[in-house]
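So the protein sequences, as listed, match chains A and B.
Basically the numbering used here = 1-based index in the first sequence + 68.
Basically the numbering used here = 1-based index in the second sequence + 68.
Read the hints as simulated data drawn from the structure, not as lab findings.
Just so you know, not all the hints are guaranteed correct.
Copies of one chain are not kept apart here, so a pair can be met inside one copy or by any two copies together.
[Stated by the list, open to error] Here are the simulated lysine-lysine pairs, DSSO-like style, with alpha carbons at most 27 Å apart:
no. : residue 1 : residue 2
1   : K80       : K370
2   : K250      : K108
3   : K108      : K370
There are 2 protein chains.
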Amino acid sequence: MARATAHDLAEKLVAGDKRALARAISLVENNDPAGWELVKEVYPHTGRAKMVGLTGPPGVGKSTLIGALIKQLRAREETIAVLSVDPSSPFTHGALLGDRIRLSEHFLDPGVFIRSMANRGALGGLSEATLQAALLMDAAGRDNVLIETVGVGQAEVDVIDHADTIVLALMPGSGDSVQALKAGVMEIPDVIVVNKADHPMTDTLVREIRGVLALGHAEDGWVPPIVQTQAAHDIGIEELLDAIESHRAHIVERGTLAERRSRNLRNEVMELATISLRRELEASIHEDASVQQLLDEVVARKLDPGSAAREILRRREEAN
Amino acid sequence: MARATAHDLAEKLVAGDKRALARAISLVENNDPAGWELVKEVYPHTGRAKMVGLTGPPGVGKSTLIGALIKQLRAREETIAVLSVDPSSPFTHGALLGDRIRLSEHFLDPGVFIRSMANRGALGGLSEATLQAALLMDAAGRDNVLIETVGVGQAEVDVIDHADTIVLALMPGSGDSVQALKAGVMEIPDVIVVNKADHPMTDTLVREIRGVLALGHAEDGWVPPIVQTQAAHDIGIEELLDAIESHRAHIVERGTLAERRSRNLRNEVMELATISLRRELEASIHEDASVQQLLDEVVARKLDPGSAAREILRRREEAN
């Protein structure tokens, strides 16, 4: 893309143009250098959106929750961009995209922008592409940026780690996630939403969650509220949005928001630099026969992985 | 540690001495250079053990399953080493260690070695420390090395990715994990065990799993068997062990075992090299005021994360 066109795209994006935003995200997703150029240009316009991360096990009704949240935010005259990040393997891809279709009623509303990202990238770059896309949404002047992902493992949670407020969605009967929370596999989120709360086991689940929360200690004086919703019937959504807003007010007041963002951005820079270095290393395997030979020795159990890694780095430094 | 002592430790370890093995793993866990030296020395003795990875949501009865598997393996006159890797956050640590105590009946058997690792490491090094520890167990002449971890997220599964055979444990009512499997958040394992199979919902769960397996396609002609167990009553354990052995026979015959190990070892070398590079980068933040300044500019929204990362790498290369 010519620089003039890139600049034009940046201007349109900052002005809030949805098509420009869509195109910009595609550039980032495809790891196009023009995408990085764009983020660079619009970056000074970021930092204004309220970034919310939503995670939870599959089947909990996250898409329906998002649909209901969009409605509520629009009623409050706020704009929103949703980024659905799907780290799943390709073979079930169709089923998950099917969920997205339910959100299509908002496609014509200029205040609503919805985008899925599933490109895993070669070297775990999904989390990085996610942040870049979220920054673009932020620069486009969206009041709210909602990043959604599936699962409660660490890799999945990393994807939404860029958010200011992390929301975990559970439902009665989704026992593993409560166990994961209990076992500390997942960090304690800022807000917990129990969806499908008309289920008879709701009270049991809420009690279980309270039990888990009682084990931990609120680091900055925040006790995660548990909000019950029936997203399919728009029940509890106002309360959920209020809980998210309360958390935001809390971290702004405590100064934790600035801290959190600063820490996340620093980590992000380190992560991007590390990914770059790893790409170089991977490339060197193919280009450098001596690296290939080292790896063959490891496979033949002649040289241990640690020594091989050190030797590769030593040769790399010598070559520089 | 003096080199002579390290060599002595290596000799004892290769001879199968349990105390030497325990000490060696501590060195690796503490990232002691002597640990790396040891792995280097004993590495030619590795590659013989059958490596099995076991994962599943908390509460599924993994410890009980392991206890039953140990009994069965000992009945077959095979030795075993178990490595329990716990990626959970510190505050619930006690509860998980409590589970381990149930395994204590085997502590006096010289054919059984059990070890927990929970040290997360600063930079995601747990997966690396896990492989090093597993290599030490392998070098110590254990017929079987069983790596166990909690959870079904990608980061958790990475920990057991070094194994030849991956076993996923589920139980009736652990719905999220089946959903995670279905959504492709977790890769299809080689063997699925349904524990607590006296539960009335067992048939439903087995049907659900079959449904998920039917969606995928066996890459190398292997269809993951579903084994029903009641580990607490030693029911189904022989069948489980037979299923694991069958998978092994299959991948040996197809040549997939050699491929898998070769791929894993190559990835491991790259991962170790990357971690090293990242450590250097992190150190440079503290040492180099200009790096710190770049990060400050990112936080102030003057410089985007991608440009900052590139600039850090550029300065680093110049300095070399």
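We went through each hint and held it up to the structure:
no. : hint           : verdict
1   : K80 with K370  : between (58 Å within a copy, 20 Å between copies)
2   : K250 with K108 : neither (40 Å within a copy, 38 Å between copies)
3   : K108 with K370 : between (46 Å within a copy, 9 Å between copies)
Consistency with the previously given hints fails for number 2 only.
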